[in-house]
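A.B. asks: Starting from the known structure of chain A, fit chain B onto it as the hints suggest.
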Amino acid sequence: MKNTKPYKLKQLDENRWIIPKSGKMRVPGLIFANKKLLPDIEKDSSPDQVFNVAHLPGIVGYAAALPDMHWGYGFPIGGVAAFDMEDGIVSPGGVGYDINCGVRLATTGLTRDFVKNQISSLIDSFYASIPSGLGSRGGILLKKNDLFDVARLGAAWAIKKGMGDESDLERIEDHGTLDWADIKCISDRAYERGKDQLGTLGSGNHFIEIGYIEKIFDESVADQWGLRQGLVTLMIHSGSRGFGYQICDEFLARMVKNVTQQKIELLDRQLACAYLKSDVAREYLGAMAAAANFAFANRQILMNLARISMENTLRISPRELRMKLLYDVSHNIAKMERHDIDGISRMLCVHRKGATRALPPGHALLPGLFKNTGQPVLIPGDMGRASYVMSGIKRELDQTFASACHGAGRVLSRNEALRKTKGRAIERELQDRDIYSRAAGRKTMREEFPEAYKNIEEVVDIVHDAGLAKKVVRIKPIGVVKG
Amino acid sequence: MELKDKEWIILDHPADVMVEIHGKTFEEFCQNAIKALNHFLGRVLSDKKESTQKIEIEGTCPEELLVNLLRELVYKFYTSYCLVTKIKMRSLKNNKVRMEIVSRSATVGSDSIEVKGVTYHGLSVQENESGYHARLVFDV
Numbered sequence: 177m178k179n180t181k182p183y184k185l186k187q188l189d190e191n192r193w194i195i196p197k198s199g200k201m202r203v204p205g206l207i208f209a210n211k212k213l214l215p216d217i218e219k220d221s222s223p224d225q226v227f228n229v230a231h232l233p234g235i236v237g238y239a240a241a242l243p244d245m246h247w248g249y250g251f252p253i254g255g256v257a258a259f260d261m262e263d264g265i266v267s268p269g270g271v272g273y274d275i276n277c278g279v280r281l282a283t284t285g286l287t288r289d290f291v292k293n294q295i296s297s298l299i300d301s302f303y304a305s306i307p308s309g310l311g312s313r314g315g316i317l318l319k320k321n322d323l324f325d326v327a328r329l330g331a332a333w334a335i336k337k338g339m340g341d342e343s344d345l346e347r348i349e350d351h352g353t354l355d356w357a358d359i360k361c362i363s364d365r366a367y368e369r370g371k372d373q374l375g376t377l378g379s380g381n382h383f384i385e386i387g388y389i390e391k392i393f394d395e396s397v398a399d400q401w402g403l404r405q406g407l408v409t410l411m412i413h414s415g416s417r418g419f420g421y422q423i424c425d426e427f428l429a430r431m432v433k434n435v436t437q438q439k440i441e442l443l444d445r446q447l448a449c450a451y452l453k454s455d456v457a458r459e460y461l462g463a464m465a466a467a468a469n470f471a472f473a474n475r476q477i478l479m480n481l482a483r484i485s486m487e488n489t490l491r492i493s494p495r496e497l498r499m500k501l502l503y504d505v506s507h508n509i510a511k512m513e514r515h516d517i518d519g520i521s522r523m524l525c526v527h528r529k530g531a532t533r534a535l536p537p538g539h540a541l542l543p544g545l546f547k548n549t550g551q552p553v554l555i556p557g558d559m560g561r562a563s564y565v566m567s568g569i570k571r572e573l574d575q576t577f578a579s580a581c582h583g584a585g586r587v588l589s590r591n592e593a594l595r596k597t598k599g600r601a602i603e604r605e606l607q608d609r610d611i612y613s614r615a616a617g618r619k620t621m622r623e624e625f626p627e628a629y630k631n632i633e634e635v636v637d638i639v640h641d642a643g644l645a646k647k648v649v650r651i652k653p654i655g656v657v658k659g
Numbered sequence: 143m144e145l146k147d148k149e150w151i152i153l154d155h156p157a158d159v160m161v162e163i164h165g166k167t168f169e170e171f172c173q174n175a176i177k178a179l180n181h182f183l184g185r186v187l188s189d190k191k192e193s194t195q196k197i198e199i200e201g202t203c204p205e206e207l208l209v210n211l212l213r214e215l216v217y218k219f220y221t222s223y224c225l226v227t228k229i230k231m232r233s234l235k236n237n238k239v240r241m242e243i244v245s246r247s248a249t250v251g252s253d254s255i256e257v258k259g260v261t262y263h264g265l266s267v268q269e270n271e272s273g274y275h276a277r278l279v280f281d282v
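As you go down the protein sequences, you meet chains A and B in turn. Read left to right, the first sequence gives residues 177 to 659 (this note's numbering). Read left to right, the second sequence gives residues 143 to 282 (this note's numbering).
Chain A extracted, bound-state conformation:
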């Protein structure tokens, strides 16, 4: 078939492909993939989206995409792009509707052997006590001032209310609070859509998962983080719920108008944006930070609900459970960060859409406990195979603005997943692999079945081999609640 694309992918090495700068591209595109993953990536439009992002005003370095990349809307999922503070832009589509959708991992003092015979009761108890599923409500009903407090304080709000420990905060990206949140930028509609959603999981690919550490790759780092073979872990994936969706929606509409007024040329209107120095950009960043703080609080509350559920179901004390947060990372966010571009340190607005920050050892933003190891990088896989914990490492050449992948990345559409699983009982198939599952949505298990995702092993190997982060441990799931 004749290639009708306005660019040609060129292989740089085993794990990197470049879209060379041409036409009105301001930077080249850079895709982290090997020859095995590339056909899946080329099957959808995600390389086109990298090409489109490379045209945005003020972009620096590369429009980068990680090996879990797949077709999103506007920016690709698994994409990273950074913009100059003087002439660059911010784009709500480069963050996504689910602002600060992210993942956290907690360790426990329990062993797999202790939990495995009680896993069904435990997952049933999560399912009963943690609101999940479509438009899940029934969380904490917030009055407007309470929601503003959540939006200002983030995870600290939940801890103030007794849902966690003060020491959790240093184990959350940005200590669980983006301090530039501006409640003046929160609309009545965002309040209405978020007021009853705090402490809810959501639907689709959001989950709560019990797993155990199956393999250790880096003994030293694992030891410093308290990760020991066979120990039970808790992983939570959720975001800012309706509050964040509404904020993205409103600012996207404003920025669609803005690009016309500012005469910004876009290859896709979903890339609508505003110059970072403009009022609308400042207001978006203030509202986005408020939504990010809501998400940090949400995951803190969900972890607390899961902790209570584990203590009650397993009839153990907090001392026996010994739940400890390892880390909490954002997947969908725009933040001002300092990075080296051509040997010069510059403040940039880094967009991560389906990507994880991966700070190296010694980085100024890391707390003492991660100074020697680098930041924990949490990579959830699919619900049947495995997840990984990696660590940020020093890079000779940083082409992704200290970012790594955020998961395995979808390879099948929801429709295709439904077609491939017709007549199959995914819950039973998972049970055959010693994984007990519950889902709120009738079709969720089939849409989210393991093979709907890329093989996490291949994705993580590329991240490891390309020097974006290094493997620390692999976690096997034994029980999951899907939204």
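Just so you know, these hints were derived from the structure itself, not from any lab. For glycine and all other residues, C-beta sits at the position ideal for the given N, C-alpha and C. Each hint should be verified, as a subset may be incorrect.
Unchecked claim - Ranges between beta-carbon positions, derived for each pair:
#	chain 1	residue 1	chain 2	residue 2	range
1	B	Lys196	A	Arg604	19 to 27 Å
2	A	Asp300	B	Glu192	38 to 46 Å
3	A	Ser363	B	Glu271	35 to 43 Å
4	A	Gly406	B	Ile197	54 to 62 Å
5	B	Thr202	A	Pro215	35 to 43 Å
6	B	Glu242	A	His539	53 to 61 Å
7	B	Thr202	A	Leu541	53 to 61 Å
8	A	Asp300	B	Ile152	31 to 39 Å
9	A	Leu214	B	Ile197	41 to 49 Å
10	B	Gln268	A	Lys219	23 to 31 Å
C.D. replies: For chain B alone, kept in the frame of chain A given last:
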């Protein structure tokens, strides 16, 4: 499946939901887009009464009008749990369409998907002799 003779169809998209919509007139086109959206949002409670409301949607082009209309309905569903079943466009003036919308109480169905937003990704409303067509992506 092809769109021919259908109001709307679902197309494959790896992460989100993509639909193709057709309508002989712009009003019918928007009506069919609403049907597609409603399919994912929830189901009408048929024993409940209809209610009629006048709204105004702004947009400088068909794409903006379509997206702004659907955004409004997504908000309405998740905050008031009602689905719009009919629209009647009354006037278009200064890039604003005045319309009457008929809605009914609704609930999420077992096949529903949480629609986070209505995107502009790749959206281009095409007009030809058979009417209006577009592909639309919902973030789910």
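A.B. asks: Each hint: holds or not?
C.D. replies: How the hints compare with the structure:
1. Lys196(B) <-> Arg604(A): 19 to 27 Å: violated, 52 Å
2. Asp300(A) <-> Glu192(B): 38 to 46 Å: Cβ of aspartate 300(A) to Cβ of glutamate 192(B): about 40 Å, so the range 38 to 46 Å holds.
3. Ser363(A) <-> Glu271(B): 35 to 43 Å: holds, 42 Å
4. Gly406(A) <-> Ile197(B): 54 to 62 Å: At 59 Å between Cβs, range holds.
5. Thr202(B) <-> Pro215(A): 35 to 43 Å: holds, 40 Å
6. Glu242(B) <-> His539(A): 53 to 61 Å: Cβ of glutamate 242(B) to Cβ of histidine 539(A): about 57 Å, so the range 53 to 61 Å holds.
7. Thr202(B) <-> Leu541(A): 53 to 61 Å: Given range 53 to 61 Å: violated, Cβ gap about 42 Å.
8. Asp300(A) <-> Ile152(B): 31 to 39 Å: Given about 33 Å between the Cβ atoms, the range holds.
9. Leu214(A) <-> Ile197(B): 41 to 49 Å: Hint holds: Cβ distance 47 Å, inside 41 to 49 Å.
10. Gln268(B) <-> Lys219(A): 23 to 31 Å: holds, 25 Å
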